[in-house]
Amino acid sequence: MNFSDHHDNNEIPPYLEKLNEPQREAVMHTEGPLMIIAGAGSGKTRVLTFRIAHILKQGFDPFSILALTFTNKAAREMRNRIESLVGPAAKSLWMGTFHSVFARILRQEAEKLGYPSNFTIYDSDDSKSLLKSIVKEMNLDEKVYKPGMLLGRISTVKNNLISARAYSEDESLVNEDKQANRGKFADIYRQYAARCFKSGAMDFDDILINTYILLDRFPEVCHRWQHRFRFVMVDEYQDTNRVQYLITKTIAAVHQNICVVGDDAQSIYAFRGANIQNILNFNRDYPDVKTIKLEQNYRSTRNIVNAAGSVIKHNRNQLQKEVWTSNETGEKIKVVRSATDSDEARFVAQNIFEEKNREHLPNKAFAILYRTNSQSRPFEEAFRRMGIDYRIYGGMSFYQRKEIKDLLAYLRLTVNPNDEEALKRVINYPTRGIGDTTINRLLFLAGENKASTWEIVSNARQYPDLGAGAGKVENFAMMMKSFMAMLQTHNAYELAMHIAKQTTLLKVLYEDKTVEGISKYENLTELLNAIQEFSEDDESEKEKSLSNFLEEVALFTDDQKDKDPDRDCVTLMTIHSSKGLEFPCVYIVGMEENLFPGQMSLTSRADLEEERRLFYVAITRAERKLSLCYATSRFRYGSLLPCEPSRFIDEISNEFLDMNLAGMKKENPLTRFYSQRTQQPNNPVTRAESLLKPNPLPEKPVPPADPNFEAGDISGLKEGDIVVHQRFGRGKVTMLEGDGDNRKATIFFTGLGEKKLVLKFAKMRIE
DNA sequence: TACTAAGCTCTTTTT
DNA sequence: GAGCTTAGTA
Numbered sequence: 084m085n086f087s088d089h090h091d092n093n094e095i096p097p098y099l100e101k102l103n104e105p106q107r108e109a110v111m112h113t114e115g116p117l118m119i120i121a122g123a124g125s126g127k128t129r130v131l132t133f134r135i136a137h138i139l140k141q142g143f144d145p146f147s148i149l150a151l152t153f154t155n156k157a158a159r160e161m162r163n164r165i166e167s168l169v170g171p172a173a174k175s176l177w178m179g180t181f182h183s184v185f186a187r188i189l190r191q192e193a194e195k196l197g198y199p200s201n202f203t204i205y206d207s208d209d210s211k212s213l214l215k216s217i218v219k220e221m222n223l224d225e226k227v228y229k230p231g232m233l234l235g236r237i238s239t240v241k242n243n244l245i246s247a248r249a250y251s252e253d254e255s256l257v258n259e260d261k262q263a264n265r266g267k268f269a270d271i272y273r274q275y276a277a278r279c280f281k282s283g284a285m286d287f288d289d290i291l292i293n294t295y296i297l298l299d300r301f302p303e304v305c306h307r308w309q310h311r312f313r314f315v316m317v318d319e320y321q322d323t324n325r326v327q328y329l330i331t332k333t334i335a336a337v338h339q340n341i342c343v344v345g346d347d348a349q350s351i352y353a354f355r356g357a358n359i360q361n362i363l364n365f366n367r368d369y370p371d372v373k374t375i376k377l378e379q380n381y382r383s384t385r386n387i388v389n390a391a392g393s394v395i396k397h398n399r400n401q402l403q404k405e406v407w408t409s410n411e412t413g414e415k416i417k418v419v420r421s422a423t424d425s426d427e428a429r430f431v432a433q434n435i436f437e438e439k440n441r442e443h444l445p446n447k448a449f450a451i452l453y454r455t456n457s458q459s460r461p462f463e464e465a466f467r468r469m470g471i472d473y474r475i476y477g478g479m480s481f482y483q484r485k486e487i488k489d490l491l492a493y494l495r496l497t498v499n500p501n502d503e504e505a506l507k508r509v510i511n512y513p514t515r516g517i518g519d520t521t522i523n524r525l526l527f528l529a530g531e532n533k534a535s536t537w538e539i540v541s542n543a544r545q546y547p548d549l550g551a552g553a554g555k556v557e558n559f560a561m562m563m564k565s566f567m568a569m570l571q572t573h574n575a576y577e578l579a580m581h582i583a584k585q586t587t588l589l590k591v592l593y594e595d596k597t598v599e600g601i602s603k604y605e606n607l608t609e610l611l612n613a614i615q616e617f618s619e620d621d622e623s624e625k626e627k628s629l630s631n632f633l634e635e636v637a638l639f640t641d642d643q644k645d646k647d648p649d650r651d652c653v654t655l656m657t658i659h660s661s662k663g664l665e666f667p668c669v670y671i672v673g674m675e676e677n678l679f680p681g682q683m684s685l686t687s688r689a690d691l692e693e694e695r696r697l698f699y700v701a702i703t704r705a706e707r708k709l710s711l712c713y714a715t716s717r718f719r720y721g722s723l724l725p726c727e728p729s730r731f732i733d734e735i736s737n738e739f740l741d742m743n744l745a746g747m748k749k750e751n752p753l754t755r756f757y758s759q760r761t762q763q764p765n766n767p768v769t770r771a772e773s774l775l776k777p778n779p780l781p782e783k784p785v786p787p788a789d790p791n792f793e794a795g796d797i798s799g800l801k802e803g804d805i806v807v808h809q810r811f812g813r814g815k816v817t818m819l820e821g822d823g824d825n826r827k828a829t830i831f832f833t834g835l836g837e838k839k840l841v842l843k844f845a846k847m848r849i850e
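Residue numbers (my numbering): 84 to 850.
It should be emphasised that the hints constitute simulated quantities derived from the structure, not laboratory data. Errors might be hidden in some of the hints.
To be verified - Between beta-carbon pairs, the in silico distance windows are:
(1) GLY516 <-> ASN612: 24 to 34 Å
(2) ARG467 <-> ASP649: 56 to 66 Å
(3) PRO513 <-> GLN615: 48 to 58 Å
(4) LYS801 <-> ASP733: 50 to 60 Å
(5) GLU414 <-> MET221: 14 to 24 Å
(6) LYS485 <-> ARG399: 44 to 54 Å
(7) SER565 <-> ASN612: 38 to 48 Å
(8) TYR98 <-> GLN483: 38 to 48 Å
(9) GLN141 <-> ASP208: 42 to 52 Å
(10) LYS485 <-> GLY516: 50 to 60 Å
Stated by the list, open to error - Simulated crosslink set (BS3-like; lysine-lysine; CA at most 30 Å straight-line):
(11) LYS195 <-> LYS229
(12) LYS415 <-> LYS373
(13) LYS156 <-> LYS627
(14) LYS215 <-> LYS261
(15) LYS376 <-> LYS140
(16) LYS584 <-> LYS507
(17) LYS507 <-> LYS229
(18) LYS376 <-> LYS439
All values reported here derive from a predicted model rather than from experimental measurement. Virtual Cβ for every residue (Gly too), placed ideally from N, Cα, C.
Could you put the whole structure together from the sequences, leaning on the hints where they help?
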């Protein structure tokens, strides 16, 4: 090892002069455990990248540094920034998401655990589909054992390192399941684990737990990795779960050079097992830990920083810290009310258009953040109409599309014939006369003979039970075998192209001239191009096998295979995926009770606190301008539902908001805005609405609320009633269905131009 | 076995 | 509203 560059600790190297005191301290503290509590916008990524560069400058080998992140986006960004600091050495760093780094390790060691080295990675769709067939095979009630719920629970259990066997032997867990009316869960879990293993497949959680098992059971392997990684760094440490915590602890056990960076106030992944205690209790594992707090925010105006602080202080469970900024005070936060979700979208598009012109800003200065992916739709429409370029992150990713998954399934099956989910997907697609009956027989035979389904398929002739189906199955098997033979002789692209043609996948879509068909054909071509790029990429040091491509795809849900990363467009994304990003102007939309905070999150205080941290994350994305938008009614469940403003708006201290609300907090928020509008014609709420021309909803005097008719209650309605709705005016009830929570009223509103609406809740009175 | 129409359920966030 | 499952028909 080369220490020639090594300098005295008291001397500050010139390249670190740009950092502030605590940042520099964090960068230079490279020996021994270190915890960096980094408030939002405090230059966390900067510290991490400089720290890695600093270690490299001291002469350490890039291979000795392990840097773990949660998202591909974060990993990519960090790699780019390090590359600009230290050059090509950045390529050799072990840096990536937990899943991608550990999958890479597992590829080398999988056989020790009984997996093939070309193991498949099951994404959650594969996992759910497998669970579904297990439930079916076990003849259980599919309403009780829903795949999503099962996978969620399996994931939680796995992340706490409880194996299927340990689970069924744990009486308290099994009893708990009985109480909760899912007594068969242990059996399903067992079956699920066995089937994954038999298919040579790991799900997302297996990648983590198998890494842990590998390190735990094979001391010589553990020893090797422990010594290899002299420096371990974990970004977003507040989001680690138990296995991730154990793995990093194990790997860092020899050198003890572990550096974790996080912000408990930004922990937003508890729903998938993140354990905030990992960061809260870090000093228990490392009593001699050095703790550094980065509290100065460089990103946002003082108003935004303080508003965020006023929100997060409602949470009880957190580390003490005081985020501050020396930036200018800046504008107050706007609160914008719209009539419907589409009005909200039109307002935002219009507002962006105006701000752009007034302040000469590019499109990419703007971001729209929402709670759920489904909220993006009205914005797409509004931006298209305004001619503003936009880009939606997340949602249905390219690799989740049906046509893409179909071809990928063929590729997966070629690489790993035991991959049962892939087999089930393609055995009769395109249709080749192998129907449900035959498939079920195949699966049954596989279970009976303790063989993989592929073994049955490839020897179909030997099973008379298959009857007439045998010939068709045999043809399919022969085709697959011909693909497998090509693995040795052809590169990934040639093979994929051959498969796409041979299976007629490409041809079927080419002949489909519907809009969807054309787009599917284009998608498939794009996938083929991506494979071609992958197999011809000289830059990458990675092995260019098909198997590697499939792994990349499985772990790269992040999408954005950006053809043009510099495109100037407005960003639309969920708050979750906005973590780590920043924008001059941010619109947080859908600020409504039951949407944000969502109804699912309101069962416990912990959930509400996580939701509040999410709001904190959203606010702190904004550099200069922040608007909080909500609608008074919104399309959901296929009908228009009235909405109330989110409690989170009320949790921001008034002094940071651009509206005169002094002394009005206790009022019903709806009444508040109606009365405000008449009194103050220039308040931001009214301004927002005046921009929306034409406003589809007629301005009408608001009838006084009937004290006998509670908001959200339509129980008193009868068919034929004439009602006056707070927003939609007069209407006639034409149909009533269901009881209790399922009660629905269909009402014709004359005020909406004879429009029919199905309402589940309504604020209105009977005339 | 394959296709179509009607019915049902689900709506959080990501590797 | 969308996506998926079931029932019914060719």
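Inset, instruction - Find the hints from earlier in the document that the structure breaks and name them by number, from lowest to highest. - result: 2, 3, 4, 5, 7, 10, 11, 12, 18
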